[in-house]
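Trainee: Each chain is listed here by its residues.
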Amino acid sequence: MEEYNAASNEAEDFASFDDGATSYSRKGPQREAASGGDALGEVLEVLYSEHRYISSLLDKLELESAKLRPGKIPDYHLLLDMVDYLIHYPDQYHHPREDLLYSGMLENNTTFKKHAERLHREHDTLHHYSDELYTELSTITDGRPAQQAELKRRLERYIQGYRQHIAYENREVFPKAKGTINKRNLAQLQKRTHYIDDPLFGTEVLHRYQRLSRSFGAKLGVASAELVAKEMSGIESFIGRLSSAADTAQSLRDSMGQLRKDSWEEQLSTLKEHATLGKRPNIAFLPAALMKNHIRHLRQGFNDMQDILSPQQSESGHNKVRG
Amino acid sequence: MPSWQARVMNTCTRTLMKPMMRFGSVESMRAMTSSMDGPQEQALAEDIRAKPVNREDFKGEWVRIAGKRSRKTVLYFPGGAFIIRTAIQHKSFVARICRAANSKALIVHYRLAPEVPFPGGLEDCLAAYHHLLEQGIKPQDITVAGDSAGGGLVLSTLLALRDEGTELPANAIVLSPLADLTYTGGSREFNKKADPMLPTHRASQMHELYLGEASKKDRFVSPIFADFDGFPPLLGMVGSTEILLDDTVRAAAQAEKASVPFYLEIWDEMIHVFPMFTILPESLVAVDRIGSFINNSELDKVPSEYGSSSYNPPKQDSCKWLPRRMLEGPAQTL
Numbered sequence: 001m002e003e004y005n006a007a008s009n010e011a012e013d014f015a016s017f018d019d020g021a022t023s024y025s026r027k028g029p030q031r032e033a034a035s036g037g038d039a040l041g042e043v044l045e046v047l048y049s050e051h052r053y054i055s056s057l058l059d060k061l062e063l064e065s066a067k068l069r070p071g072k073i074p075d076y077h078l079l080l081d082m083v084d085y086l087i088h089y090p091d092q093y094h095h096p097r098e099d100l101l102y103s104g105m106l107e108n109n110t111t112f113k114k115h116a117e118r119l120h121r122e123h124d125t126l127h128h129y130s131d132e133l134y135t136e137l138s139t140i141t142d143g144r145p146a147q148q149a150e151l152k153r154r155l156e157r158y159i160q161g162y163r164q165h166i167a168y169e170n171r172e173v174f175p176k177a178k179g180t181i182n183k184r185n186l187a188q189l190q191k192r193t194h195y196i197d198d199p200l201f202g203t204e205v206l207h208r209y210q211r212l213s214r215s216f217g218a219k220l221g222v223a224s225a226e227l228v229a230k231e232m233s234g235i236e237s238f239i240g241r242l243s244s245a246a247d248t249a250q251s252l253r254d255s256m257g258q259l260r261k262d263s264w265e266e267q268l269s270t271l272k273e274h275a276t277l278g279k280r281p282n283i284a285f286l287p288a289a290l291m292k293n294h295i296r297h298l299r300q301g302f303n304d305m306q307d308i309l310s311p312q313q314s315e316s317g318h319n320k321v322r323g
Numbered sequence: 324m325p326s327w328q329a330r331v332m333n334t335c336t337r338t339l340m341k342p343m344m345r346f347g348s349v350e351s352m353r354a355m356t357s358s359m360d361g362p363q364e365q366a367l368a369e370d371i372r373a374k375p376v377n378r379e380d381f382k383g384e385w386v387r388i389a390g391k392r393s394r395k396t397v398l399y400f401p402g403g404a405f406i407i408r409t410a411i412q413h414k415s416f417v418a419r420i421c422r423a424a425n426s427k428a429l430i431v432h433y434r435l436a437p438e439v440p441f442p443g444g445l446e447d448c449l450a451a452y453h454h455l456l457e458q459g460i461k462p463q464d465i466t467v468a469g470d471s472a473g474g475g476l477v478l479s480t481l482l483a484l485r486d487e488g489t490e491l492p493a494n495a496i497v498l499s500p501l502a503d504l505t506y507t508g509g510s511r512e513f514n515k516k517a518d519p520m521l522p523t524h525r526a527s528q529m530h531e532l533y534l535g536e537a538s539k540k541d542r543f544v545s546p547i548f549a550d551f552d553g554f555p556p557l558l559g560m561v562g563s564t565e566i567l568l569d570d571t572v573r574a575a576a577q578a579e580k581a582s583v584p585f586y587l588e589i590w591d592e593m594i595h596v597f598p599m600f601t602i603l604p605e606s607l608v609a610v611d612r613i614g615s616f617i618n619n620s621e622l623d624k625v626p627s628e629y630g631s632s633s634y635n636p637p638k639q640d641s642c643k644w645l646p647r648r649m650l651e652g653p654a655q656t657l
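Residue numbers (the working numbering), protein chains in the order written: chain A, 1 to 323; chain B, 324 to 657.
For reference, chain A alone in the conformation it holds in the complex:
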């Protein structure tokens, strides 16, 4: 019990550095939780995907900083945009969200303390580095002379540090979250996590980052091509299902017409038969019989339509028939 209390205090200490801060999520995992999905899985998935985005940005940053050498022309404005993004999105939204997660982990597992301390320290250091780079790049883009060698050294230190930090979180920390985080932690995390669209990798690119976004052109082009292909295949299958539904509807209409005709003929032959046998034909019975036929055929048509529009259900239905 004492151990648990100690762990709680540590958790509070750790959480206190961003106390009162609101963390934002790109995808809003709480919505999934509400629908009964794997809430922690969703939180982690968002963090993992943000790591992938940050990693691609670090690759780009490395590519640009490689131009800080004799004979090459670096794009200082692009470098500034990249650092600006890292300050304004990951530093303000991604890292605080991680810190909330880590405070929950620390609350339930005292052995996590050394990880938590390290991660907290790394977040602080990365934030300090990015601030430092932002200031330096701002003065350069304002026209001041650039000390290329020094700037390159700082960028390399930042990129390397960030990569190591991400790798550590992915490898050592996130896998431990499962089984450590409880429902209360998650509820707290969800309470303090709101939806915000990523200003660079989200659905709408912020004006400030549009040039940066275009510089990812080729990579995003491939990604969006895949997305379009996926969307297109979805649309194609939907159209296919619609057209087969239309075919079925047509054949139903035909068959219903035929059935109605048959039904009429059946009724007429009954009437004829009654007449031949000298019985009085039951004319009142005729519309009800026709309506009954009609409803039966309609029901059959609806069932067919349902089977077509829900292939799984249809398959199970077929299995049932086969069974």
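Treat the hints as calculated values from the structure; they're not laboratory data. Please note that a few of the clues may not be correct.
To be verified - Incomplete in silico selection of chain A near chain B, CB under 7 Å:
hint	residue
1	ALA146
2	GLN148
3	LYS152
4	ALA167
To be verified - DSSO-like cross-link-like pairs, simulated, lysine-lysine; straight-line CA separation at most 27 Å:
hint	chain 1	residue 1	chain 2	residue 2
5	B	LYS395	A	LYS72
6	B	LYS461	A	LYS60
7	B	LYS374	B	LYS391
8	B	LYS516	B	LYS341
9	A	LYS152	B	LYS539
10	B	LYS382	A	LYS67
11	A	LYS67	B	LYS374
12	B	LYS515	A	LYS72
13	A	LYS176	A	LYS114
14	B	LYS539	A	LYS72
15	A	LYS113	A	LYS67
16	B	LYS540	A	LYS67
17	B	LYS382	B	LYS461
18	B	LYS382	A	LYS72
19	B	LYS539	A	LYS60
20	A	LYS67	B	LYS461
21	A	LYS178	A	LYS191
22	A	LYS72	B	LYS461
23	A	LYS152	B	LYS540
Every residue, glycine too, gets a C-beta built ideally from N, C-alpha and C.
Here the structure of chain A is known, so what remains is to put chain B in place on it, guided by the hints.
Mentor: Below, chain B alone, put in the same frame as chain A:
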């Protein structure tokens, strides 16, 4: 007051060339300039020797005057709105500079837009400077010069060399430089009609081709906004009726802020890059002055009949590399 030749030339270019530049496509302008190459080639002085340079990192041409052995080297970036090459015209002009300065020159045929947008051309210019250093030529024997777009490249090259920590050349010359692609200079408006050659709006369309995805405010695109701290002495020549007048004037102001000596010469009603046109008496005077500047990094005043000049003296503590006589206070300071 400009010479009568200058006035005739202004009238001709205003009537014939300015409309063409206003409406011509990249292809038509390239065709026009290359059609002038033949006659220009024949008109080259017999003692001009040229040797092409075909390196992977840049293409260019060595130019020298036969029978002259010179220590000084001019690295020249020709103009052409970043899209046109006037190789023969520039060869002839650079040869005149070589003659006046008793120097040899390497003309850089940097890659042009729209085929290769920024920073391709600038990287070629940097490569050419590094090539000179690799050849054993000392920075104090190098003058970097250029006209129009090439003038802008001179300033950008100095910025890039300074930032990368490479030793800068002895001095630099910019002739009607295009140094601001944000077009904030007032002369773009007030000289819009007076400029005998360059149309305003068309120029901006051409420069878009060069920019590609780069920012117009990038220090290497619009060097006018950068700090000139550490630059060598500069000479800037420009016509008073040019739309690019303010690019040179503001370059001088930036130099002054950084305590870099800048000889600013504003020639009355002269056409864009007037020193290139041998038909103009002003051109002969200007090329002589360029020759003097290459050798001494200092100049007398522009003769009053041609225009005005100003000079911001260097500060003792910031310009230790200058000759002592300049630090003592040149007589031509205005």
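Trainee: Hint by hint, note whether the structure agrees.
Mentor: Against the structure, the hints:
no.: 1; hint: ALA146; in the structure: holds (4 Å)
no.: 2; hint: GLN148; in the structure: holds (5 Å)
no.: 3; hint: LYS152; in the structure: violated (10 Å)
no.: 4; hint: ALA167; in the structure: violated (31 Å)
no.: 5; hint: B:LYS395 - A:LYS72; in the structure: holds (26 Å)
no.: 6; hint: B:LYS461 - A:LYS60; in the structure: violated (37 Å)
no.: 7; hint: B:LYS374 - B:LYS391; in the structure: holds (15 Å)
no.: 8; hint: B:LYS516 - B:LYS341; in the structure: holds (10 Å)
no.: 9; hint: A:LYS152 - B:LYS539; in the structure: holds (24 Å)
no.: 10; hint: B:LYS382 - A:LYS67; in the structure: holds (21 Å)
no.: 11; hint: A:LYS67 - B:LYS374; in the structure: violated (31 Å)
no.: 12; hint: B:LYS515 - A:LYS72; in the structure: violated (36 Å)
no.: 13; hint: A:LYS176 - A:LYS114; in the structure: holds (13 Å)
no.: 14; hint: B:LYS539 - A:LYS72; in the structure: holds (18 Å)
no.: 15; hint: A:LYS113 - A:LYS67; in the structure: violated (40 Å)
no.: 16; hint: B:LYS540 - A:LYS67; in the structure: holds (19 Å)
no.: 17; hint: B:LYS382 - B:LYS461; in the structure: holds (21 Å)
no.: 18; hint: B:LYS382 - A:LYS72; in the structure: holds (17 Å)
no.: 19; hint: B:LYS539 - A:LYS60; in the structure: holds (21 Å)
no.: 20; hint: A:LYS67 - B:LYS461; in the structure: holds (25 Å)
no.: 21; hint: A:LYS178 - A:LYS191; in the structure: holds (19 Å)
no.: 22; hint: A:LYS72 - B:LYS461; in the structure: holds (21 Å)
no.: 23; hint: A:LYS152 - B:LYS540; in the structure: holds (22 Å)
Consistency note: the structure conflicts with the earlier hints numbered 3, 4, 6, 11, 12, 15.
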